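Keeping their order, the protein sequence lines are chains A and B. Per the numbering used here, residue 1 is the first one in the first sequence, and the count goes up by one each step. Per the numbering used here, residue 1001 is the first one in the second sequence, and the count goes up by one each step.
For the record, the hints were derived by calculation from the structure and aren't laboratory data. These numbers were taken from a predicted model, which means no experiment stands behind them. We put the CB at the ideal spot given by N, CA and C, even for glycine. Hints are not guaranteed to be accurate.
Claimed, not checked - When the alpha-carbon atoms are kept at most 25 Å apart in a straight line, the in silico DSS-like pairs for lysine-lysine are as follows:
{"#": "1", "chain 1": "A", "residue 1": "K112", "chain 2": "A", "residue 2": "K96"}
{"#": "2", "chain 1": "A", "residue 1": "K82", "chain 2": "A", "residue 2": "K112"}
{"#": "3", "chain 1": "A", "residue 1": "K73", "chain 2": "B", "residue 2": "K1151"}
{"#": "4", "chain 1": "A", "residue 1": "K127", "chain 2": "A", "residue 2": "K82"}
{"#": "5", "chain 1": "A", "residue 1": "K82", "chain 2": "B", "residue 2": "K1151"}
{"#": "6", "chain 1": "A", "residue 1": "K127", "chain 2": "A", "residue 2": "K96"}
{"#": "7", "chain 1": "A", "residue 1": "K127", "chain 2": "A", "residue 2": "K184"}
{"#": "8", "chain 1": "A", "residue 1": "K108", "chain 2": "A", "residue 2": "K127"}
{"#": "9", "chain 1": "A", "residue 1": "K96", "chain 2": "A", "residue 2": "K73"}
{"#": "10", "chain 1": "A", "residue 1": "K96", "chain 2": "B", "residue 2": "K1202"}
{"#": "11", "chain 1": "A", "residue 1": "K108", "chain 2": "B", "residue 2": "K1151"}
{"#": "12", "chain 1": "A", "residue 1": "K108", "chain 2": "A", "residue 2": "K96"}
{"#": "13", "chain 1": "A", "residue 1": "K7", "chain 2": "A", "residue 2": "K127"}
{"#": "14", "chain 1": "A", "residue 1": "K184", "chain 2": "A", "residue 2": "K7"}
{"#": "15", "chain 1": "B", "residue 1": "K1202", "chain 2": "A", "residue 2": "K112"}
To be verified - Non-contacting residues of chain B with respect to chain A, defined by C-beta distances greater than 10 Å in every case (computed):
{"#": "16", "residue": "F1008"}
{"#": "17", "residue": "F1016"}
{"#": "18", "residue": "L1033"}
{"#": "19", "residue": "I1048"}
{"#": "20", "residue": "G1049"}
{"#": "21", "residue": "P1060"}
{"#": "22", "residue": "P1107"}
{"#": "23", "residue": "L1145"}
{"#": "24", "residue": "M1147"}
{"#": "25", "residue": "V1156"}
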Amino acid sequence: MDQPLIKLEGVHKRFGDLEVLRGIDLEVRRSEVVVVIGPSGSGKSTMLRCINGLEPIHLGRIFIEGIDITGSKTNINQIRQKVGMVFQQFNLFPHKTALENLTLSPMKVQGKSQSVAEQIGQDLLAKVGLSEKADEYPGTLSGGQQQRVAIARALAMQPDMMLFDEVTSALDPELVADVLNVMKDLAREGMTMVVVTHEMGFAREVGSRLMFMDEGVIVEEGDPRVMIENPSEERTQKFLGMVL
Amino acid sequence: MDAIGQAFADLERYFFNIEILRDTIPQLLPALLVVFEILFLSLLFSFIGGLTLALTRLVPLRPLRWLVGAYVDFFRALPLLLLLTYIYYGLGLFGSTTGLRFLILDPIPAAILGITITYSAYSAEIFRAGISSVPHGQMEAARSLGMNNYKAMLHVVLPQTMRIVVPPLTNELIAMIKDTALASVITTPELLFRSREIMGLKANPTPLTAAAILYVAFTLPLIRVAARLERRYGKGARPVGM
Ligand SMILES: Nc1ncnc2c1ncn2[C@@H]1O[C@H](COP(=O)(O)OP(=O)(O)OP(=O)(O)O)[C@@H](O)[C@H]1O
Ligand SMILES: [Mg+2]
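This is chain A alone, in the form it adopts within the complex (with noise of 0.2 Å):
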């Protein structure tokens, strides 16, 4: 399998008047842990949103395992199993326990019997040591909690890749290890992930890129231990002086 899972081609998109991606290219191979940084309003955000469907672009092209994302012909729902992704806000839907979190999508989208859905889903539970909170509501759990179900869940439908979007900025301090702990198992069982995030420890830790975006390009990409101590671009030699 040599070919990327993600595969980005000069993509460009706009907000009205406001270009907020300016021309990105970038592969993603499998198993590969990409982590994406930059100031606010650089376009991280938009950019998973864009692979993942949910942003519409103007030019340029987005693959996903082969597969052109920007033709009208495609089935993005199809696509989108493939890709799972975590927001920042976690997103649970408030009207369902733990485990029904997992089990909807596997159920209503893929066909599963409720029993294996809620037997991968309880696995999963396991993985990201939550399975005592399986019949809990969202509203009951801790924001840490709620963002490893977030990450279960996605999990659930068995994607090829996984989107994560400043998943712990949300979060208070004490609770953004065990976030961060989920994901490092994920990133050594070789899960291929494009992660948006200000924890320079993760990108040290498992990161097998590190990207610095500003202003809707990428500035500056490289492997994440040489870069954090050696930035040659200034704009990414600033950023991370703020950041670590």
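For this one, chain A is given, so just place chain B with the ligands on it according to the hints.
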């Protein structure tokens, strides 16, 4: 002093005549059933109608959305009393001159139709507010899990909408109960119409009081229920992680 004493005696004789009350209330029970019938069907149809209108407004087709918007605004503005008159007398006249006999409606179906048309417009606004109060992230999360728009709406957005719309819909039901009395202008044998008939027979307006007692007696508990629901759901299903 004497004049005031006389006034109270008259009030009692004409509006709170115990004997007539005792006589009238049992006679009004069939009319109460008619009210229930109108309410039940109008509530059911306007729930479906309002939800359909609200969902149609989300379809990305400008002319369709405009049409629904125009419907909602128009029927919220048009007095129900006039609508009932047009449906019963207007359509009926048109039906009998053209021979399109299905346009000639009996009073009860005409009342149900009119109330449904008007209350669908009211409910559409309630559902619209309910749907838009579900955080956008819910739809996005559902879509990112591979659900299409229809499934995301059905399994994620609408269940959350239902909790939000229960209190305003209960308030709407309370208004609807009182609006069934408007159907008396098209000779629907409901509470107000029947009590006015009995008033004529007895040459005494106390039967109106009997009707009032019945309206209040079964609306009051609903008002309490609405207040309870409002306290329970009113703040909305707390959006998670906000
Ligand atoms: N739906 C939208 N409509 C209009 N403008 C938008 C929309 N979404 C994002 N933008 C704008 O696009 C720009 C990039 O936003 P984006 O969320 O991608 O940045 P970001 O790098 O993720 O920032 P942050 O670190 O604050 O999350 C911002 O200026 C933002 O205001
Ligand atoms: Mg962002």
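Checked hints:
With a C-alpha separation of about 18 Å, the suggested pair K112 (chain A) and K96 (chain A) falls inside the 25 Å cut-off, and the hint holds. Restraint check: the Cα-Cα separation between K82 (chain A) and K112 (chain A) comes to about 16 Å, which is no more than 25 Å; the hinted pair holds. Among the hinted pairs, K73 (chain A) with K1151 (chain B) is consistent with the structure: their alpha-carbon atoms are about 20 Å apart, no more than 25 Å. Distance restraint check for K127 (chain A) and K82 (chain A): the Cα-Cα separation of roughly 20 Å lies within the 25 Å cut-off, and the hinted pair is therefore satisfied.
For the suggested pair K82 (chain A) and K1151 (chain B), the alpha carbons sit about 18 Å apart, so the restraint of at most 25 Å is met. For the proposed pair K127 (chain A) and K96 (chain A), the alpha carbon gap of about 20 Å is at most 25 Å, so the pair holds. Taking the CA atoms of K127 (chain A) and K184 (chain A), the gap is near 12 Å; set against the 25 Å cutoff, the hint holds. Distance hint between K108 (chain A) and K127 (chain A) is fulfilled; the C-alpha atoms sit about 23 Å from each other, no more than 25 Å.
Annotation: proposed proximity of K96 (chain A) to K73 (chain A) is violated, straight-line Cα distance about 33 Å (limit 25 Å). With a C-alpha separation of about 60 Å, the suggested pair K96 (chain A) and K1202 (chain B) falls outside the 25 Å cut-off, and the hint is violated. The hinted pair formed by K108 (chain A) and K1151 (chain B) meets the criterion: a straight-line CA distance of about 8 Å does not exceed 25 Å. For the given pair, K108 (chain A) sits about 14 Å from K96 (chain A) by alpha-carbon distance, which is consistent with the 25 Å threshold.
Pair hint K7 (chain A) plus K127 (chain A) does not hold up; C-alpha atoms about 30 Å apart against a cutoff of 25 Å. A hinted pair counts as satisfied when its Cα atoms are at most 25 Å apart, and K184 (chain A) with K7 (chain A) qualifies at roughly 23 Å. At roughly 70 Å between alpha-carbon atoms, K1202 (chain B) and K112 (chain A) are farther apart than 25 Å, so this suggested pair is violated. Even its closest Cβ contact with chain A, about 57 Å, leaves F1008 (chain B) beyond 10 Å, as expected for a residue assigned away from the interface.
Residue placement check: F1016 (chain B) keeps its beta carbon more than 10 Å from all beta carbons of chain A (closest about 50 Å). The non-interface label for L1033 (chain B) is consistent with chain A: the shortest C-beta to C-beta separation is roughly 37 Å, beyond 10 Å. Interface exclusion of I1048 (chain B) from chain A stands, the closest Cβ pair being 22 Å apart, more than 10 Å. Look at G1049 (chain B): its CB is around 25 Å from the nearest CB on chain A, clear of 10 Å, so calling it non-interface holds up.
Distance check for P1060 (chain B) against chain A: the nearest CB is about 13 Å away, which clears 10 Å, and the non-interface claim stands. The non-interface label for P1107 (chain B) is consistent with chain A: the shortest C-beta to C-beta separation is roughly 42 Å, beyond 10 Å. Consistency note on L1145 (chain B): stated as away from chain A, yet its beta-carbon is not over 10 Å from all of that chain's, at 4 Å minimum. Annotated as non-interface, M1147 (chain B) brings its C-beta within 10 Å of a C-beta of chain A; the closest such distance is 6 Å.
For V1156 (chain B), the requirement that its beta carbon stay farther than 10 Å from each beta carbon of chain A is not met, with the minimum near 6 Å.
Consistency note: the structure conflicts with the earlier hints numbered 9, 10, 13, 15, 23, 24, 25.
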